[in-house]
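Trainee: Okay, here's what each chain looks like letter by letter:
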Amino acid sequence: MLHTFVALVEDKPGVLTRVASLFRRLNVNIVSLTVGESERPDTSRMTIVCDAHEHAAHRIRASLYKLETTVHVDEVDRSAAVVRELCLMKIAVGPASPNGPHSRSQIFELASVFRARVVDLAPESIMLEMTGSSSKIEGLVQVITESGYTILEVSRTGRMAMRRGHHTSRVLSALGSKSNADGNGADYSSKLDFDDNLGDEILPNEFENVHEEET
Amino acid sequence: MSRQQSESSAGRTNLSGAEIVWATLEGECVREVFGYPGGAILPIYDALRKFPIRHILVRHEQGAAHMADGYARASGRVGVCMATSGPGATNLVTGIATAMLDSVPIVCITGQVSSKVLGSDAFQEVDITGITLPITKHNFLVTRAEDIAPAIRLAFQIATSGRPGPVLIDITKDAQQATAPFEFVACAPCAARPHPMLRAESSAIQEAIALIQSAKRPLILAGHGITQSGAEQQVIAFAESQQIPVASTLLGLGSFPAAHPLHLGMMGMHGESWVNHAIQEADLLLAFGMRFDDRVTGNLAHYAQNAKKIHIEIDPSEINKNVRADVALIGDLRGVLETLQPLLPKRVDTGWLRQINMSKGTAAVRDIINLPDNGHLYAAHVIHDIWREAQAAGREQDTIIVTDVGQHQMWEAQYFKHDVPRSLVTSGGLGTMGFALPAAIGAKTACPQKDVWVIAGDGGFQMTAAELSTIVQEKLAINIAVINNGFLGMVRQWQEAFYEKNYSASPILSPDFVKLAEAHGIEGAHISKRKDVTPTVTRARASGRPFLINFQVEQEDGVYPMIAPGAALHEMVRRPERDPLLETAEDE
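Line by line, the protein sequences are chains A and B. Note that our numbering gives residue 170 to position 170 of the first sequence, counting from 1, and the numbers run on in steps of one. Note that our numbering gives residue 1497 to position 497 of the second sequence, counting from 1, and the numbers run on in steps of one.
By construction, these hints were calculated from the structure, which means they are not laboratory data. Since the structure is predicted, the reported quantities are computational estimates derived from the model, not experimental observations. By construction, the Cβ of each residue, glycine as well, lies at the ideal position given by its N, Cα and C atoms. Hints may be right or wrong, so weigh each one.
To give a feel for the contact side, a few chain A residues facing chain B, derived at Cβ under 8 Å [said to hold, decoys possible]:
no.	residue
1	Lys12
2	Thr17
3	Arg18
4	His55
5	His58
6	Ala62
7	Tyr65
8	Lys66
9	Lys90
For each label pair, taking beta carbons as the anchor points, the in silico distance ranges come out as [as the list claims (entries may be wrong)]:
no.	chain 1	residue 1	chain 2	residue 2	range
10	A	Glu124	B	Pro1134	46 to 52 Å
11	A	Arg24	B	Arg1049	40 to 46 Å
12	B	Gly1130	A	Ser105	48 to 54 Å
13	A	Glu10	B	Gln1305	43 to 49 Å
14	A	Glu37	B	Leu1343	45 to 51 Å
15	A	Glu10	B	Gly1230	30 to 36 Å
16	A	Arg24	B	Arg1574	40 to 46 Å
17	A	Ile30	B	Pro1507	44 to 50 Å
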């Protein structure tokens, strides 16, 4: 099954290799991986989608944390998250195309149905830009192909994910309420002294039981 | 000294990158470093004379990594090794992987070509941080002198925190030659971040307590983590208060005293039958700092099916990796046991232990020392006699055995009784042949007051035999027992069992090891009779100098019990009954 991890990692040379090498070492195939700057300085956010056994998520997340360059890892599979992908697509179409003189306007129509934008127009081709879930992108690709058009190039970013309404303690404190991240006072885990602000950001429910994860 | 002369007004000292390396190591309380010089690390070697650190010149960089490893395992301190760029660095790889698989804290420093030519395939350039990525806990490429001290200090922290492991620092030659201000204290890393998934919540503790209290047949599986965590006393107290028998993994040997009445012995592929049967019959397994390696579990589908499992482990990625844990207490073993222990009432039920002891029956190891001499010399005898000799001399607490990998390693685990932690140094996870001799040099360097024995086969010994010369140069009184059977014994045993005795490439010709020792100025002896074993062992131990004994043992002897790959723990091949020497009677 597919697992989606959102990882905050240090923005340093070689960090991508460390993450990619970890998946290779665990013999897990990466379906998509996107990296970019995050809201924090010198920290990148990665969205990693991988195809692995359903019980593998715990181990992958734990292993990601073992990399010294990892700041935070969240698995967003079973939680409500917004998942988006950006796709650029070049289609062979123009006044002289075999699909006829109205072929351009046909593509415009399809694009508007899928809320894609035309970002480049050349005598022989049109470039579309679309964001959306993977299935939406695949839907547009399918419709265009089945309408008899030739897709010349497709470039997809791979999935990006963000948890919906993830009320981190930072958000809570920004809203003026006190963090309850250390609510389970009796727990051994919550007594651990995190040296950076990382500990503040972990919600109690993130320590979900590994055994439950498996059932 | 130049260091004082270059003192700057700010109270900081301006040092060259090379000097910073040594000054930082000195600050980290490093007294010995194992290494081999070469072009890209020459500035560091040039600065060595200014610092009170002993450098041990190895004969091959693999030896340097194993020595740092042996040093760390014997002492609990971080082992440090050094090599130049290119081939020097790649030669470290086997040693680094060995330390990685057994979670040993070592720091490796390699020279690298100048940062200006990095990536240009310069002479002796190799991407060692790329190569060692999967076999180090972390690694660094340092290209500026001012980054050296923070990198080394962070490396020490990473190597020792959480689950320990090797760290490599690759330092370019221009960084070694440049100058930077140095202040040890200012380079301290931030406090180590505990793994964010560590947790041993009260709910899990309560579940564990409920499981322990309701268990009729509980068993402790004692792993390497006990020694890593320094939890030996806590484990003894826990086992005693709950009357729970203890089985050890290979690397767990010594973490629980072998002489303790609750100690059963080693589990797994070559573990004693009653230990493996006990695991299969148990209704609760308490895994203490161990990772359910395939050599320990046999066929996972049939592993301890009746048992609930409580896994106490510092590395969250080990939980549910091989064996599903019913309760996972993820944290430092010592801390978890200190939380757990006061919450458990004492137990007095010893029925389960008696049941296990009764099941030993004919399977128990016969006291082989009392057997009549039938003219044959068995490796098991030799190892058992080395233990007896140490015991008779009152040195059993002060003896470190360093084994190689193969049959002799398993006989060592079976016949040498380890009562104290860090008394067995052996490559478990990676199974690195050639480990013993260099690792023993590390162990003896770390613990010069202890008797250090190398136990190696004729095959593995030849892999790193060049380090004999290191022993002599460093004046290390290491005793070497070569268990010589003319075969790569474990390979031969597998070929006998699974490949119809097709002894393909397993017979091995060896030089006369005593003459080889002699050529190095090391005293030696050939032994092929049982009666000569103990006197020669005493002679070696008492000589105060390195001593090599070549034990010419039975050629086609096998290690039993044995679990065939893919078989379950209870389906072990027992000791052959026809062999009067290895046949079984009452336990000693």
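Trainee: A separate judgement is required for each hint: does it hold in the structure or not?
Mentor: Status of the hints after comparison with the structure:
The criterion of a C-beta within 8 Å of any C-beta in chain B is not met by A/Lys12, whose closest approach is roughly 10 Å, and the hint is violated. A hinted interface residue such as A/Thr17 counts as satisfied when its beta carbon comes closer than 8 Å to some beta carbon of chain B; here the least separation is about 7 Å, so the hint holds. Interface restraint check: A/Arg18 against chain B, minimum CB-CB distance 7 Å, threshold 8 Å, status holds. Given hint, A/His55 at the interface with chain B, holds; its Cβ is 7 Å from that chain's nearest Cβ, closer than 8 Å.
With 8 Å as the threshold, the beta carbon of A/His58 comes within range of chain B, its nearest partner Cβ sitting at about 6 Å, so the hint holds. This hint holds: A/Ala62 has a C-beta 4 Å from the nearest C-beta of chain B, less than the 8 Å allowed. Hint status for A/Tyr65: holds, given a least beta-carbon distance of 6 Å to chain B, under 8 Å. A distance limit of 8 Å between C-beta atoms decides the matter here; for A/Lys66 the minimum to chain B is near 6 Å, and the interface restraint holds.
For A/Lys90, the shortest C-beta to C-beta distance to chain B is roughly 34 Å, which exceeds 8 Å, and the interface hint is violated. Here the CB-CB span from A/Glu124 to B/Pro1134 is close to 47 Å, well matched to the stated 46 to 52 Å. In this structure the supplied range 40 to 46 Å holds for A/Arg24 paired with B/Arg1049, their Cβ-Cβ distance being about 44 Å. A beta carbon spacing of about 52 Å between B/Gly1130 and A/Ser105 agrees with the range 48 to 54 Å that was offered as a hint.
Between A/Glu10 and B/Gln1305 the CB atoms are about 44 Å apart, so this pair conforms to the stated range of 43 to 49 Å. About 48 Å separates the C-beta atoms of A/Glu37 and B/Leu1343, a value consistent with the hinted range of 45 to 51 Å. At roughly 31 Å, the beta-carbon separation of A/Glu10 and B/Gly1230 lies within the given 30 to 36 Å, and the hint holds. Between A/Arg24 and B/Arg1574 the C-beta distance comes to about 42 Å, which sits within the given range of 40 to 46 Å.
Evaluation of the 44 to 50 Å hint for A/Ile30 and B/Pro1507 yields a pass: the beta carbon distance comes to about 46 Å.
Hint compliance for this structure: hints 1, 9 are broken, all remaining hints hold.
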